[in-house]
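As they're listed, the protein sequences go chains A and B.
Each residue of the first sequence is one higher than the one before, counting from 0 in numbering that gives the first Met the number 0.
Each residue of the second sequence is one higher than the one before, counting from 0 in numbering that gives the first Met the number 0.
What the hints contain is simulated information worked out from the structure, not anything from laboratory work.
All clues given are correct.
Short derived list, chain B residues pointing at chain A, Cβ under 10 Å:
id : residue
1  : Q11
2  : D91
3  : E109
4  : S167
5  : L171
6  : P194
If you want the ones that stay clear, here's a sample from chain B, every Cβ over 10 Å from chain A, calculated:
id : residue
7  : L20
8  : S70
9  : I74
10 : N75
11 : T179
12 : E274
13 : A276
14 : N285
When the alpha-carbon atoms are kept at most 27 Å apart in a straight line, the in silico BS3-like pairs for lysine-lysine are as follows:
id : chain 1 : residue 1 : chain 2 : residue 2
15 : B       : K119      : A       : K404
16 : B       : K203      : A       : K268
17 : A       : K235      : A       : K268
18 : B       : K90       : A       : K313
19 : A       : K341      : A       : K235
It should be emphasised that the depicted structure is a prediction, and the values quoted were computed from it without experimental measurement.
Where is the CB? At the ideal position from N, CA and C, for every residue including glycine.
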Amino acid sequence: MKILLKGVHLLNPEQKLDEIADVLISNGIIEKIGDIKESELQSENIYDFNGFYCVPGLFDMHVHLREPGREDEETVLTGCNAAASGGFTGVACMPNTSPAIDSAEVIKLIKEKAANHLVDVHPIGAVSVGRKGEGLAPIAELYEAGAVAFSDDGVSVKSAQLLRNALEYAGMFNAPIIEHCEDESMADGVMNESIVSTQLGLPPIPTVAEDLIVARDILIAEYTGQRVHIAHISAKKSVELVREAKARGVRVTAEVTPHHFTLTDENVKTYDSNFKMNPPLRSEEDVKAMHTGLKDGTIDCIASDHAPHSIEEKELEFIYAPNGILGLETELGLSISELVNKKVLSISDLIMKLSVNPRKILNIPVPLIKAGEKANLTIFDLQNIWTVDISKFKSKSKNSPFDKKLLTGKSVAVLNNGKMFYENEFVSLT
Amino acid sequence: MPLSSPHLLGLQGVPAEDIKLILDSATTFREVLERPIKKVPTLQGKTIVNLFFENSTRTRLSFELAQKRLSADTINFTTASSSTKKGETFKDTVKNIEAMKIDMIVVRHESAGVPHYLTKITRANIINAGDGRHEHPTQALLDMYSIKEKLGRIEGLKVCIVGDIAHSRVALSNIHGLITMGAEVSVCGPATMIPVGIESLGVKVYNNINKAIEEHDVLNVLRIQLERKAGTTFPTLREYHNYYGITAERLNEYNKDILILHPGPINRGVELSSEVADGPYQIILNQVTNGVAIRMAVLYLLGTRP
Chain A
0 MKILLKGVHL LNPEQKLDEI ADVLISNGII EKIGDIKESE LQSENIYDFN
50 GFYCVPGLFD MHVHLREPGR EDEETVLTGC NAAASGGFTG VACMPNTSPA
100 IDSAEVIKLI KEKAANHLVD VHPIGAVSVG RKGEGLAPIA ELYEAGAVAF
150 SDDGVSVKSA QLLRNALEYA GMFNAPIIEH CEDESMADGV MNESIVSTQL
200 GLPPIPTVAE DLIVARDILI AEYTGQRVHI AHISAKKSVE LVREAKARGV
250 RVTAEVTPHH FTLTDENVKT YDSNFKMNPP LRSEEDVKAM HTGLKDGTID
300 CIASDHAPHS IEEKELEFIY APNGILGLET ELGLSISELV NKKVLSISDL
350 IMKLSVNPRK ILNIPVPLIK AGEKANLTIF DLQNIWTVDI SKFKSKSKNS
400 PFDKKLLTGK SVAVLNNGKM FYENEFVSLT
Chain B
0 MPLSSPHLLG LQGVPAEDIK LILDSATTFR EVLERPIKKV PTLQGKTIVN
50 LFFENSTRTR LSFELAQKRL SADTINFTTA SSSTKKGETF KDTVKNIEAM
100 KIDMIVVRHE SAGVPHYLTK ITRANIINAG DGRHEHPTQA LLDMYSIKEK
150 LGRIEGLKVC IVGDIAHSRV ALSNIHGLIT MGAEVSVCGP ATMIPVGIES
200 LGVKVYNNIN KAIEEHDVLN VLRIQLERKA GTTFPTLREY HNYYGITAER
250 LNEYNKDILI LHPGPINRGV ELSSEVADGP YQIILNQVTN GVAIRMAVLY
300 LLGTRP
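Can you build the whole structure from these sequences, using the hints too?
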């Protein structure tokens, strides 16, 4: 089947591509870019995308798909649907499932569940068996089965020695270790430590708990010459540590979530557990540091930390409610509203952070927009003003603090693996 | 004039007129407590639930007595652990109790914010009887009442709260209430017990107890939670007593005229020496009596609010 995307603004900073053209796609493969005669096609296969950006499919390198173990909260299928709806064609999923992704069997299961979906799912293997911080997980076996990185996400790799070994072992495959940075002994709290936590009487987590592990990890990465990726960076000092480390050539990369560049601990004042996450929402100053870090390249990419939780769990008392919020379906809108429209990032920078860089960190080829390549594309409308409505989310869970928020910028369509998601439906392109 | 809010969640943001109204009403109820028949029909026909998710003997007894003195119907729901551990969520528990047609809820919970959450899921008047380390407004009100009863005023007094400020709900409520009523408020304790940013609430921080005794009219001495982190936030109870314990020697040396409050229960020989706990400086048992009057006032003002 042939389809025509009319008048799209093609943008791929990797190819130095920035032009307005028509794209002819045949059986999911880009056949031709340029001026294309409509007479070649049936009218229902012509999509008038005039004025919309068309970029290499967006990629979220930090999501929780909850399968296996908590299929009541999300499954590989519903998570992939949420990703497609949010404008993503690929995700990397974290290993804190039950059982953890610490065996080839679990990777195989996830890959099977994701087979034939528009969205590519790349599992991240556990660093340690059961994420317990004791013995190393079978990293080579996991890598061979398809793991693109390794992490004990939810917690930091427990000891410096274990991290060193993991970095060196995973380094044989050039796979990064992704670190949730939090010193356990200082993190016995539920929100950021500040005057707000003092006023709210909620047990605090200081920013230094994050800074400490960021510093540790940078030093060990530097010592071993291996790659560490800082997940959901949230503290100003941590950004400074990464900036300094990059300047002296340490192989460190970092991601930030939309909520950490949008919200502050002031939002916790309602005691709404949809503002409870780990790392916790920080201060205005930290949010500004996220913007600066994104702008100057210290922070390489945006990732959602998409964390579905059941309603009954999120409705618990604040100190008992689980950490985390949904991210996939608000990520692009928040990034455009908060970063592009507030002049923190250009569109081209945004595509680097949401599509190009996360793939590079995980050694996944960046999709090219040219004839002969598979169509792996996201088409989005920079101008669309829309209201977030959690009841329309594809995700199985509903825990988002952004419900009813007005956002600017929305995905129009995604294409990948011979499929297209458009107007709330998956259609086959073959 | 009625209270400005249908709930008493904390003293942060509560206007001075409301605090004054509660304190004045408590004077009337304090008088009722001295009568041979200590009961008034004020809340007849009202149903009040005491929802205690955390152990508390005296606060619950004080509320219960206040409710009985006002002729309200009261029921108690006490559980040491959250109902969620039994499979029923907190919300379900509350919804079930509300379905029994109740008018007011007095709640104690180890998580800050639970009273606020209750206002969103029920239509009852909510009274916070202590939420986590956040607030315990009726305790601060009875402290203020007791200070005023003894010294004739609150405005202009120098009041210092001593102890584990970081883990105390009594401290925060006292800070908000006392500042609103025009007192100068300080806190005193080891640095590990002073929460971040407390100065920005308008309080002065002392680490030296002798200096704190010297420079204040009133000390509100908090209970040291014996089960809490001895060895981490402070080295030993002995060291705490030696450096922060209120003793007769200290008071005699630094300020003989100081007034000592304590929310109870006292750890004798830790934050207060027995001599001080039983001595002439303190009004600890007056606080307990006044607590009933304050709770009657709060229940009355909320329960009859139009």
